[in-house]
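Use these hints to put chain B onto chain A, whose structure you have.
There are 2 protein chains.
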Amino acid sequence: MTVGVIGGGQLARMMVPAALELGVGIRVLAEAPGMSAAIAASAVGDYRDLETVLEFARSVDVVTFDHEHVPQHVLRALVAEGIAVHPGPDALQYAQDKLLMRRKLSELGLPVPDWAAVENPEQLQAFLAEHDGRAVAKTARGGYDGKGVRVIDGVAEVDDWFAALAEDGNGGALLVEELVDFRRELAQQVARRPSGEIVPWPVVQTVQRGGICAEVVAPAPGAAARVAEVSEDIAVRIAEGLGVTGVLAVELFETLDGRVLVNELAMRPHNSGHWTIDGSTTSQFEQHLRAVLDLPLGATGTLQPWAMMINVLGGPEGESMPDRYAGAMREHPTAKFHSYDKESRPGRKVGHVTVCGDDLDEVAYQARGAAAFFQD
Amino acid sequence: MTVGVIGGGQLARMMVPAALELGVGIRVLAEAPGMSAAIAASAVGDYRDLETVLEFARSVDVVTFDHEHVPQHVLRALVAEGIAVHPGPDALQYAQDKLLMRRKLSELGLPVPDWAAVENPEQLQAFLAEHDGRAVAKTARGGYDGKGVRVIDGVAEVDDWFAALAEDGNGGALLVEELVDFRRELAQQVARRPSGEIVPWPVVQTVQRGGICAEVVAPAPGAAARVAEVSEDIAVRIAEGLGVTGVLAVELFETLDGRVLVNELAMRPHNSGHWTIDGSTTSQFEQHLRAVLDLPLGATGTLQPWAMMINVLGGPEGESMPDRYAGAMREHPTAKFHSYDKESRPGRKVGHVTVCGDDLDEVAYQARGAAAFFQD
Chain A
25 MTVGVIGGGQ LARMMVPAAL ELGVGIRVLA EAPGMSAAIA ASAVGDYRDL ETVLEFARSV
85 DVVTFDHEHV PQHVLRALVA EGIAVHPGPD ALQYAQDKLL MRRKLSELGL PVPDWAAVEN
145 PEQLQAFLAE HDGRAVAKTA RGGYDGKGVR VIDGVAEVDD WFAALAEDGN GGALLVEELV
205 DFRRELAQQV ARRPSGEIVP WPVVQTVQRG GICAEVVAPA PGAAARVAEV SEDIAVRIAE
265 GLGVTGVLAV ELFETLDGRV LVNELAMRPH NSGHWTIDGS TTSQFEQHLR AVLDLPLGAT
325 GTLQPWAMMI NVLGGPEGES MPDRYAGAMR EHPTAKFHSY DKESRPGRKV GHVTVCGDDL
385 DEVAYQARGA AAFFQD
Chain B
25 MTVGVIGGGQ LARMMVPAAL ELGVGIRVLA EAPGMSAAIA ASAVGDYRDL ETVLEFARSV
85 DVVTFDHEHV PQHVLRALVA EGIAVHPGPD ALQYAQDKLL MRRKLSELGL PVPDWAAVEN
145 PEQLQAFLAE HDGRAVAKTA RGGYDGKGVR VIDGVAEVDD WFAALAEDGN GGALLVEELV
205 DFRRELAQQV ARRPSGEIVP WPVVQTVQRG GICAEVVAPA PGAAARVAEV SEDIAVRIAE
265 GLGVTGVLAV ELFETLDGRV LVNELAMRPH NSGHWTIDGS TTSQFEQHLR AVLDLPLGAT
325 GTLQPWAMMI NVLGGPEGES MPDRYAGAMR EHPTAKFHSY DKESRPGRKV GHVTVCGDDL
385 DEVAYQARGA AAFFQD
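Chains A and B supply the protein sequences, listed in that same order.
Heads up: the first sequence is residues 25 to 400, going by my numbering.
Heads up: the second sequence is residues 25 to 400, going by my numbering.
Hints in this document: simulated from the structure, not taken from any laboratory.
Please note that the accuracy of each hint is not assured.
Quick partial rundown of chain B residues pointing at chain A, CB under 10 Å, derived from the structure [to be verified]:
| no. | residue |
| --- | --- |
| 1 | Arg37 |
| 2 | Ala42 |
| 3 | Gly47 |
| 4 | Ile50 |
| 5 | Glu131 |
| 6 | Leu132 |
| 7 | Gly133 |
| 8 | Val136 |
| 9 | Gly220 |
| 10 | Gly303 |
| 11 | Leu327 |
| 12 | Tyr349 |
| 13 | His362 |
Computed footprint of chain B on chain A, listed as stretches where at least three residues anywhere in the stretch have a Cβ under 8 Å from a Cβ of chain B [unchecked claim]:
| no. | segment |
| --- | --- |
| 14 | 34–41 |
| 15 | 45–52 |
| 16 | 311–324 |
From a predicted model like this one, the values you see are computed outputs, not experimental measurements.
The C-beta atom is built at its ideal place from N, Cα and C for all residues, glycine as well.
Just chain A, with the same shape it has in the complex:
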């Protein structure tokens, strides 16, 4: 029983402990030597190259992903060969193209911000005019961690994106969305296995800074039962409606007027679920392996009443997280330290810290204090 992971980043890395505990095999197709998941890398190569991916896929029982960038034609060739791919290309297309995703969610009747596909500045101007002159513009493809997303109050701010579309010549469009007046951001994760079983984790609160996840509190503090129920229902409907297999993360807005709207999707373990390694009976990484292997899913309750996860962004200049463990561990014995073995670089996710406990104030104090050791 061997899972093959395409992509050698920290999400692949964090699947390795889960695979070792379960005693299932794991192999990684890494982009380069020495990546975060290097310990499990059985191949190094380009995930856009069909032959490279096919050769890797033939050495494992099921293919899954560290990221959503494997081209559709490669995915479909694997499926045509009879290789198990989870999530499959039919589901992944919605994670790869935000316009497809918005269209599909609207069709499914799920609550989304007002949106439009705009092919030119005139269409964008019309959308802005209907939305108090402000909106969020997104490229349909290739965005992550805030890249490919801009809050705009004029069409000129995305001139370069329209120019790129024109140059591309494929008749593409930008996605434009209403700027949602939100109270806070939530994230709902579920896992779904090919045979249909779906298990959710509790909905969590996320805090983004500069478009990058900074902090996660699990469960979302003070979430009304209705908000938790709606969030779970939305994620289950997306998982079923889009045919997702493996872990699905749905980023949500909770609005000032009490609605829950879908912001983004990820069809893989997700930053909003890192708390589950230390805080839930089943971590998102173990659950993802179970789901893609079509094994029964594990319980997802919290081990302690509260968990807080804080990303280490950038990392200590010229040092690694472990270089600073002596001080951080002495001051914060309850903190769980996770380093992805990536070089420090401004804005880069190089690790995270999680604290679990009974009292949220104390948990937050410990988590923020521990994480601060790694920020210059």
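Relative to chain A, chain B alone:
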């Protein structure tokens, strides 16, 4: 920061997830290819061969162990080269030789069963005569999992051991101990770092079958505060008195008349601490890495009120644990399954199952039910 582990068994394997989460390097010197810890094996060779061990040791920052069998002359040669070795040879000798251990514990004034070193059948007969004709005989070296231990009621039952001693010609002796009338067996783990910090876990109850650990309940149910305190005090005094670095496990007898006596020691992660992977803020594997790297030790509280660990002994005939996950996981969603990727063989430890929860009856029901899936 790289830890080198001598020995490629399941204890080395279970250090790998902890190393990956912390982002510290781990390399294993395995006895053979394809062992349980193969994913981290950077070398394969004989741990009794000085050149093999030296070459491996020079590639890491600190050397530690999956087992206690590395010869003293090899350990001392590493230390002479300036290599950090934890636990060091001065401590490890007491784990390698039960006669040395008994002598040292007696010197330290720690509570131990009555014992004697017996060089011949006459001395053994004298000990038996003083102890109602029954005793436990042990070889000083080489025993584990019940091997090298016999409950006897006559000297003839260890004729072969005396014959081996005579053949050996080194003037050795057997260890003979009173047969303790115990209420139950306990195990107390602590971690100690070279700079002196010591942190205990809660004392646990262990159930042995045929000399092999079968079940562990954490914390030990109904342990009087005094018993917990005495157990912790004993382990701390041993760690300090013997200069142990890393994780120390002390197997204890709780007697019918309320005493706590030291049975055996292990200077490494130990079967009685596997519950900590799922049940404690800091697992014994993470703590061992922190200790041997001389990093501050983590908190050791329980995440849920109770944890129960059950060994999978032997394993399903002709199958692996993962081959039976479909049924076991469906029936037991809260169970944590650990497979060591070792072939099934009668009596062999091939994995374990842990369940944590609020109610000990329910925890035991789930843990025993889940483990039963893997026993033919």
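We went through each hint and held it up to the structure:
Given hint, Arg37(B) at the interface with chain A, holds; its Cβ is 6 Å from that chain's nearest Cβ, closer than 10 Å. Annotation: interface hint on Ala42(B) holds; nearest CB of chain A at approximately 8 Å, less than 10 Å. Satisfaction of the interface hint for Gly47(B) is found here, the shortest Cβ-Cβ separation to chain A being roughly 3 Å, below the 10 Å cut-off. About 9 Å separates the beta-carbon of Ile50(B) from the nearest beta-carbon of chain A, less than 10 Å, and the hint is met.
Interface hint at Glu131(B): violated, since its Cβ lies 33 Å from the closest Cβ of chain A, which is beyond the 10 Å cut-off. With 10 Å as the threshold, the beta carbon of Leu132(B) stays out of range of chain A, its nearest partner Cβ sitting at about 28 Å, so the hint is violated. With 10 Å as the threshold, the beta carbon of Gly133(B) stays out of range of chain A, its nearest partner Cβ sitting at about 31 Å, so the hint is violated. Proximity of Val136(B) to chain A is violated relative to the hint, the smallest CB-CB distance being about 32 Å (cut-off 10 Å).
Here the hint on Gly220(B) is broken, as its CB sits about 13 Å from the closest CB of chain A, past 10 Å. The restraint placing Gly303(B) at the interface with chain A holds, with a minimum CB-CB distance near 9 Å, inside the 10 Å limit. Among the interface hints, the one on Leu327(B) holds; its C-beta lies about 4 Å from the nearest C-beta in chain A, closer than the 10 Å criterion. The criterion of a C-beta within 10 Å of any C-beta in chain A is met by Tyr349(B), whose closest approach is roughly 5 Å, and the hint holds.
Against a cut-off of 10 Å between C-beta atoms, the interface hint on His362(B) holds, since the closest Cβ of chain A lies about 5 Å away. Restraint check on the segment 34–41 of chain A versus chain B: 4 residues with Cβ-Cβ distances below 8 Å, three needed, restraint holds. Coverage of the segment 45–52 of chain A by chain B holds. Counting CB-CB distances below 8 Å, 4 residues qualify, and the rule asks for three or more. Counting residues of the segment 311–324 of chain A whose beta carbon lies closer than 8 Å to any beta carbon of chain B gives 6, which meets the minimum of three for the stated coverage.
Against the hints set out earlier in the document, violations occur for numbers 5, 6, 7, 8 and 9.
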